[in-house]
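Peer 1: What follows is each chain in one-letter form.
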Amino acid sequence: MNIIIALAYLLSSILFILGLKNLGSPKTARRGNQLAMTAMLIAIIVTLTKNEILDFTLIIIGLIIGSAIGAIIARKVQMTAVPQMVALFNGLGGGASALVALAEYNRFSGDLRIDVIISMVVSLFIGTVTFTGSLVAFGKLQGLIRSAPVVFKAQRFLNILLFTLFLIMGIIVIINPANSTGLLIILAIALILGILFVMPIGGADMPVVISTLNSCSGLAAAATGFVLSNNILIICGALVGASGFILTRIMCKAMNRSLVNIIFGPVGTVSVNNNNNDKRKVINYTEEDASIMLEAAKKVIIVPGYGLAVAQAQFALQELVTMLINKGIHVRYAIHPVAGRMPGHMNVLLAEANVSYDLLFDLNGINGEFKNTDVALIVGANDVINPSARTNKESPLYGMPILNADQAKTVVICKRSLSPGFSGVDNELFYQENTLMIFGDAKESINKMIQLLKT
Amino acid sequence: MNIIIALAYLLSSILFILGLKNLGSPKTARRGNQLAMTAMLIAIIVTLTKNEILDFTLIIIGLIIGSAIGAIIARKVQMTAVPQMVALFNGLGGGASALVALAEYNRFSGDLRIDVIISMVVSLFIGTVTFTGSLVAFGKLQGLIRSAPVVFKAQRFLNILLFTLFLIMGIIVIINPANSTGLLIILAIALILGILFVMPIGGADMPVVISTLNSCSGLAAAATGFVLSNNILIICGALVGASGFILTRIMCKAMNRSLVNIIFGPVGTVSVNNNNNDKRKVINYTEEDASIMLEAAKKVIIVPGYGLAVAQAQFALQELVTMLINKGIHVRYAIHPVAGRMPGHMNVLLAEANVSYDLLFDLNGINGEFKNTDVALIVGANDVINPSARTNKESPLYGMPILNADQAKTVVICKRSLSPGFSGVDNELFYQENTLMIFGDAKESINKMIQLLKT
Amino acid sequence: MKIGIPKEIYEGEKRVAIVPKMVTQLINDGHEVFIETGAGDKSYFVDAKYERANAVIVKDKQLLYSEIDVIFKIQPPQREEFEMMKDGTTYIGFLSSALTAEFFKLMNERYITSFAMEFIPRISRTQSMDALSSMASIAGYRAVLTAAQYLGKFFPLLMTAAGTIPPAKVLVVGAGVAGLQAIATARRLGARVEAFDTRPAVKEQVESLGAQFIEMELVADAETTTGYAKEMTEEFMKKEREIIGDRTAQNHVVITTAQLFGKKAPILITEEMVKKMQEGSVIIDLAAEQGGNCEITEPGKNICKHGVTICGLLNLPSTLPIDASSMYSRNITQFFRHLYSTEDRKLDFEDKITKSSCVTHNGEIVNDYVIKAIRKGANT
Amino acid sequence: MKIGIPKEIYEGEKRVAIVPKMVTQLINDGHEVFIETGAGDKSYFVDAKYERANAVIVKDKQLLYSEIDVIFKIQPPQREEFEMMKDGTTYIGFLSSALTAEFFKLMNERYITSFAMEFIPRISRTQSMDALSSMASIAGYRAVLTAAQYLGKFFPLLMTAAGTIPPAKVLVVGAGVAGLQAIATARRLGARVEAFDTRPAVKEQVESLGAQFIEMELVADAETTTGYAKEMTEEFMKKEREIIGDRTAQNHVVITTAQLFGKKAPILITEEMVKKMQEGSVIIDLAAEQGGNCEITEPGKNICKHGVTICGLLNLPSTLPIDASSMYSRNITQFFRHLYSTEDRKLDFEDKITKSSCVTHNGEIVNDYVIKAIRKGANT
Amino acid sequence: MIEPLLVSVYIFTLAIFVGFETITKVPPLLHTPLMSGTNAISGITLVGALISAGAGHSTLSTVLGLLAVIIATINVVGGFMVTDRMLEMFKKGKKKN
Amino acid sequence: MIEPLLVSVYIFTLAIFVGFETITKVPPLLHTPLMSGTNAISGITLVGALISAGAGHSTLSTVLGLLAVIIATINVVGGFMVTDRMLEMFKKGKKKN
Ligand SMILES: NC(=O)c1ccc[n+]([C@@H]2O[C@H](COP(=O)([O-])OP(=O)(O)OC[C@H]3O[C@@H](n4cnc5c(N)ncnc54)[C@H](OP(=O)(O)O)[C@@H]3O)[C@@H](O)[C@H]2O)c1
Ligand SMILES: NC(=O)c1ccc[n+]([C@@H]2O[C@H](COP(=O)([O-])OP(=O)(O)OC[C@H]3O[C@@H](n4cnc5c(N)ncnc54)[C@H](OP(=O)(O)O)[C@@H]3O)[C@@H](O)[C@H]2O)c1
Ligand SMILES: NC(=O)c1ccc[n+]([C@@H]2O[C@H](COP(=O)([O-])OP(=O)(O)OC[C@H]3O[C@@H](n4cnc5c(N)ncnc54)[C@H](O)[C@@H]3O)[C@@H](O)[C@H]2O)c1
Ligand SMILES: NC(=O)c1ccc[n+]([C@@H]2O[C@H](COP(=O)([O-])OP(=O)(O)OC[C@H]3O[C@@H](n4cnc5c(N)ncnc54)[C@H](O)[C@@H]3O)[C@@H](O)[C@H]2O)c1
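Protein chains in written order, with my numbering: chain F, 271 to 725; chain Z, 271 to 725; chain A, 78 to 457; chain E, 78 to 457; chain G, 8 to 104; chain D, 8 to 104.
It is possible that some hints are incorrect.
[What the hints assert, rightly or not] Anything over 12 angstroms on all C-beta distances counts as not near chain F; from chain D, calculated:
#1 THR20
#2 GLU28
#3 HIS38
#4 ALA62
#5 HIS64
#6 SER65
#7 THR66
#8 LEU67
#9 VAL70
#10 LEU74
#11 ASP91
#12 ARG92
[Claimed, not checked] Simulated restraints, written as ranges between beta carbons of each label pair:
#13 Z:GLY413 - E:LYS98: 24 to 34 angstroms
#14 F:ILE438 - G:VAL70: 48 to 58 angstroms
#15 A:ARG452 - E:GLN355: 18 to 28 angstroms
#16 A:ASN131 - E:ILE320: 30 to 40 angstroms
[What the hints assert, rightly or not] Here are the simulated DSS-like pairs of lysine-lysine, each with C-alpha atoms no more than 30 angstroms apart in a straight line:
#17 E:LYS136 - A:LYS353
#18 E:LYS98 - E:LYS138
#19 A:LYS98 - E:LYS246
#20 A:LYS98 - E:LYS136
Simulated from the structure, these hints should not be mistaken for laboratory data. This one's a predicted model, so the numbers in the text were calculated from it and none came from an experiment. Using N, Cα and C, we set each Cβ at its ideal position, and we do this for glycine too.
Taking the hints into account, I'd like the entire structure generated from these sequences.
Peer 2: Written out as structure tokens, the structure reads:
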């Protein structure tokens, strides 16, 4: 190992670490991505200077083709299609690891140290599973394959069988590295297992699956690093493997599911209203999301309702508002004439919290403003923002003037559940695309937001 | 390197990392220490099984003597003398690294790879500086040496001179590893530099110095690891080096000083009242400290005063109280009859924040309780807890009944400065040994505590 | 249309049915507004303000009545007012306390179309017309102020150098609109407040205002389909009085608001219970209009008996004339707009709100509820 | 010692100088307490309660006076009371409004040792004896309640289906003890409050209660060494009236408390300013006792002029008799305890508090302040 | 023989720790960008592919290597660019698509 | 020749990162225990001392090694014990002496 190359790789690793660190926080994410790009560039250039590399033409061609395709996809893809793109890219990464393992195997044709052959088998297996698994995930998200979970009877049994077979073949190959058929069998098993692994999982759970596969592709890269005794591959692979694992855990938590439940769960779709159509799916957003939206906003309108009184969240709410105002955000309260359970209920509450009267606007005073507002933060209100009062003649609310919170760019709603308010009418605003539902007691939710905005 | 040993070292490293991580948080600190102990035990046992080691008698004797001395000191030392003990131990650690470097030098007597000799020089130098520096710090804290900063004219010049000399000698030795005189000169320079480094720093800044030296002793150990190509030394040394550095930075921040300022500052003592005697020194405690004390408390009494009104901190305060109560802590408010600036001022405030009347106690109702109270949390009050009203006949406050907050086990006082209250009288409670002063706007301080108690 | 606002002649009435701000709105809607001179004086809306809003000030009452199509009033018409009304006029105002045989006779003789504000159904979209709610809010607020005025104690807790003054304790019986407002106001002033109601849904509402709810084994269906309280059995009432009796002796102020729509108010506080109260306590009986929740309440009077002051105040909203007029005026305007919301400004008796609130039309009683009540009265 | 509490005979006075709780404490201190029958009736402390506290109920006033060593009173003695006092008795109560030549003559003739509650120096350790503060607190609280009672508007902001009711705006002039309490109470009720005072230190205090402070170029030394406000130059007063005049036209309620210790109250609101106020506004003049801060205030009366109600209420603390009595009673007890705190129960004229508060002793006027005032009066 | 493997294991372990510690709390709105970013980083396998493709040993190796280079490059370039696009639009606080 | 050094540098760097990341925010009351704890950990140099002392090369090496063993052991044993004492008393929420 040439000393310069080693040190350059070290520098690259450090940049990768810093990049990853920055990627995890909203404020620095973009810089993080750029750091990681730089790191990658250094790693590539350094590798090209290695004297193991004899033939550049093919490499250059490969790089150009790959870059072109990658850039075109990245540029053309619709923002809504990003998840499947990530899946696709991820599959390619895994596939590349597997290919490298195969190439190296071919290069040394059987003359392999035990640790190298172990690494090869691992790299091949994980890389391939990642490859096909990701492709299936891509297909499901892109609508090429039926998104619903595909379950058949002996599935779990088959999985176990195949996995056992892999273990046996793996041992055989490791004992006798020259057994190339064994390696091909492993390849085949991995191809199938990847498909079987993802098929039974429903579209809604795909993000978690992709994250898991992402972690795997990191591990595959690390295994490739073991094959090549290349530290940067090991470090980056391990980084991605570990952080991908953590990310998967975080995502599971956000969905209130466990990973085991997602992978082996009887039915793989999350849907709060099972009896309703697909549109009525609700994502559990968190206070972090709300705080990101609030922080990025220029104009915010707060709509308090009866739930604010029940939660006694007025003090917390006002603290949040003061914080936002101090951050230069334009914040107002919109008070619906019948919010709460008695005339002036909201006024009593907000007066307790010493909210300046100048921040309070009544329906006429503010209803035109929602459409210019970045975030409408609804705290324990329901009927007073129910759009069915405008449109649905059957609704008991029909004819009651409502606050046009639905016209805001983003609507953040804090309440404990999807249950209706005083009038007992369901609220379609909860299912609107630009709505973030934050479930929980309003006071707790607001307090969490305060905490998050402080840091 | 034997594979079992290598893996055992790896395990030990992992335990060290986990131990260090746990040491950083109040709740897990003890477990962290135990993990680190376990890790150390594993590392020692594994080392003893190494086949490089031929002679056990001396080692066993050394271990027994060292353990005995260490255990006796640790057991006998007064809690107040802990800082100097840490300094002493730290010096010994640095010394040990230096000794190992010398021993290894002697063992290979000149026949050394360049990286090894570099590492040796670094280890010897840093280890020795740590050794003498720590001993001086110990002497100052123990009162063996005058604690005040010792400054003489050409000091800085001398330091630079010696350091340059070290660099020159270092290069000479590295070029010609057989030059043992050079090594001894380096040793001598390091001995002197350690002393010169710490002498000019005053007693109050010692903790920061010790932390810096601690970081150095970690680096010395890492350098020793380079000498011996021993990974666990490298890992642990780096861990301690890095975390010690971070800790130093944190401590400097808590003292509102920079490291540079501490080491090169013209006068090395911190004292808020320079014109007063030593007793009137005040430490800047932080909300973290307050929250640790509050969390560990069983009984808490809150004393609000006029500052609560000025800061409009009543809502935050009540939130804090609710949190503490939910944690099972017994919390009450003590309302002094003339707290604030009008009769019933505190009542108006606390009623705004919806504080239940059942939590409020007047002077007669609660004054006997302070002595059984773990923490008295004073929020913007001053005159009403000024003990001079009890004892000092000259004080304008003399004869006014006060709340006996000073009798609580710990007194936490939130105010912006040391300035006096309405009556203009200085308050000796601020300088009492069991008082934590938290400077800052009461609302901000309380809000920080809330945040800290939440995690 | 031509809208007329005569001066209220009911004794002690200080409100006016329309305030200048609403005059402007009605004129913008294309109506004409006639107002009797001095109609707003007692609520500080002087003629000049109406003039500025382009209302026509009419000096003579009779002239006013003869000019207009629609009368906006608050208090039900008295005999002399009937006599001035033009045949076929539309009348809007509170009516429920005046539904006597004589009333119907006079109304129908003159083919007056009359609407009772009380009969507007209480559904989501009528909340802006709901004068019962707006006036009850005022009553609840004033009840507490009156209690604070009569009570010889501070409402809030005060810990001072001159001793600790414990807070006043306030009991609110009946946590409807007025009761809730009373709770909120008393809490604002710093009193310890507890409340009781027969409808279980109220518990959460009371607690959301920071007051204690007094628990009692409640009857499951205490609520009618329209959200009003049902009349209770005598057994239940006995139990309720026991529980309230326990509490009245502990509290310094008792505010009662228990009403049953269209019935005499239930007796919740007996003289026995008053005797057991602390000297200096105050009872504010908001149900005085319906006979009172307290046995010894004398409607319209403040009496002091057994050391307790018992206020049987009537027409509390009128004691806050400025805002009461503003609110009522908005309610009646919104209602009027709804009634004549069709293109051709004809009444639509298919509409639920119009149908429920109309009492007499074209010489006949058209209100189901009234017809039922008359039949029932005739039977017994 | 034998302490006696005669019934207050001053018109409208409902307080009593000692409440049963304090009787118990005095008796525990080793004194005897005699109280005239019915003395506590108006504040709901009936004889039975005193009896339970072991006071001796005395039916005959004359008998009471002749029995006792120390008299606890609130209002200054009237002629008929002087006549009943035994020679050499000690008298404690408010006195400053009664310091006439006749008073001194009567006091000294009978060798009465008299203490004025108003003259207790306002230092840290006397806060528990400070009846001026405790009574001012009550006045501030009652002032707001009275204003709320007279104002035809809600105090709080209400956004309801019947329209948005803007909050009442309250201006407090003079933010001493009474003013601050008024601010706090008005804020509690939800009003928008602004305040003005000549002492700059008050700004922070006003803001700490959530009210706005009206800025004016203040005079640097507006405060005397004892913390009271100084009398201002006429030029300053003119400027002040201008600024206040701007504000009074904006506010619905004006509460004035500006007083200068021992002087006539400054005129801050002229009739001109009243004319510019909104119809229906209310002025509560807490300085009525000293002539009033408003030019047209009639002390003791509520008048309505230019559409504005001006209340010149006197003796507001007496309208909250229960708590006012409790607080005064604690003040006077603490004061009495201090006076006779020596072993031998002799007065110690070296003591600052005793010295400043004593008016007459042994047939002579002993109070420096009073002597100075008399000399000054004699000069002019 | 075993020494390089052990070194790799050490490095792997430490890197795992670094990976665990760096990502601690990520709000859901960042989940996708972060996933996309780490995905691009895992394209580091490109380095391995370059070596395989460039070593020029056998044709099969070279072809496999070339294929690996192409797809790994797609992963890297596409991954970073998509991530950047996502982060850019999200920073402006626009509503989700 | 240089390879082992490079490996050591990699491991050193990664360990530095781990060290930086693990300690982020420590309240002042924990400063002393943490310092004491890391100080004990830095006693890991004992491992080096053991090797020096046990290798039995020259007397000087052995003596130096023995000395190193003794003082490093004091550091380790004393350090951990003092830390534990501190943390124990602090956990009970007693007041700072
Ligand atoms: N103002 C009046 O005078 C008056 C009088 C009578 C009736 N009303 C009627 O009351 C309604 C008022 O509308 P609104 O939007 O204020 O209230 P709402 O429609 O009743 O909705 C209140 C919402 O708050 C949520 N909530 C309850 N407790 C909560 C907590 N602790 N934390 C977070 N959320 C909580 C509930 O959802 P979860 O259970 O999912 O949390 C509920 O959906 C109108 O229909 C109005 O007509 C008003
Ligand atoms: N209650 C009454 O009726 C009445 C009337 C008149 C006078 N007084 C007198 O007022 C005094 C009351 O005692 P007290 O203990 O309540 O008050 P205090 O003795 O006046 O002390 C208040 C303390 O609050 C601090 N403070 C001010 N603003 C703050 C903020 N934003 N955040 C944190 N701290 C803040 C100040 O210190 P920093 O500047 O360092 O922050 C000050 O030392 C007594 O002397 C009493 O005699 C009472
Ligand atoms: N549009 C709407 O949705 C709307 C509008 C206004 C009011 N409301 C609801 O209608 C309900 C009635 O309001 P209201 O104020 O007109 O009622 P009300 O004036 O008829 O009665 C006052 C209260 O007294 C209570 N009460 C009756 N008998 C009692 C007894 N024996 N003991 C104790 N309490 C007794 C009732 O339950 C009621 O809460 C309220 O809950 C209110 O929220 C709904
Ligand atoms: N022991 C103590 O420390 C203690 C006890 C009680 C009161 N005090 C202080 O004494 C001060 C006086 O209290 P008070 O209520 O008895 O005062 P007060 O009744 O004599 O006067 C009321 C207020 O009117 C103000 N005022 C006078 N002239 C004015 C003018 N021209 N314009 C506007 N405002 C004017 C005064 O500044 C004062 O704030 C207060 O600040 C109080 O805090 C101190």
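Peer 1: Would the least Cβ to Cβ distance between SER65 (chain D) and chain F come out above 12 angstroms?
Peer 2: Its Cβ never comes within 12 angstroms of chain F, the nearest being 33 angstroms, so this holds.
Peer 1: Quick check for students: does the CB of THR66 (chain D) sit more than 12 angstroms from each CB in chain F?
Peer 2: holds (38 angstroms)
Peer 1: Looking at HIS64 (chain D) again, its CB stays over 12 angstroms from all of chain F?
Peer 2: At roughly 31 angstroms from the nearest Cβ of chain F, HIS64 (chain D) sits farther out than 12 angstroms, so the non-interface label holds.
Peer 1: Is LYS98 (chain A) close enough to LYS246 (chain E), meaning Cα to Cα at most 30 angstroms?
Peer 2: Holds, because 20 angstroms separates the two Cα atoms, which is no more than 30 angstroms.
Peer 1: Given the range 30 to 40 angstroms, decide if the beta-carbon distance of ASN131 (chain A) to ILE320 (chain E) lies inside it.
Peer 2: holds (37 angstroms)
Peer 1: Does HIS38 (chain D) really sit off the interface, with its C-beta more than 12 angstroms from all C-beta atoms of chain F?
Peer 2: Fine: 22 angstroms to the nearest Cβ keeps HIS38 (chain D) off the interface.
Peer 1: If we take the beta carbon of LEU74 (chain D), is the closest beta carbon in chain F still more than 12 angstroms away?
Peer 2: holds (36 angstroms)
Peer 1: Does the claim that ARG92 (chain D) lies outside the interface with chain F hold up, using a Cβ gap greater than 12 angstroms?
Peer 2: holds (34 angstroms)
Peer 1: Starting from the hint 24 to 34 angstroms, judge whether the C-beta atoms of GLY413 (chain Z) and LYS98 (chain E) obey it.
Peer 2: violated (59 angstroms)
Peer 1: Within 30 angstroms, alpha carbon to alpha carbon, are LYS136 (chain E) and LYS353 (chain A)?
Peer 2: Satisfied, since the Cα-Cα distance of roughly 28 angstroms is no more than 30 angstroms.
Peer 1: THR20 (chain D) clear of chain F by more than 12 angstroms, beta carbon to beta carbon?
Peer 2: Not fine: 6 angstroms to the nearest Cβ puts THR20 (chain D) too close to chain F.
Peer 1: Is it true that ILE438 (chain F) and VAL70 (chain G) lie within 48 to 58 angstroms of each other by Cβ?
Peer 2: violated (30 angstroms)
Of the numbered hints listed earlier, those contradicted by the structure are 1, 2, 13, 14, 15 and 20.
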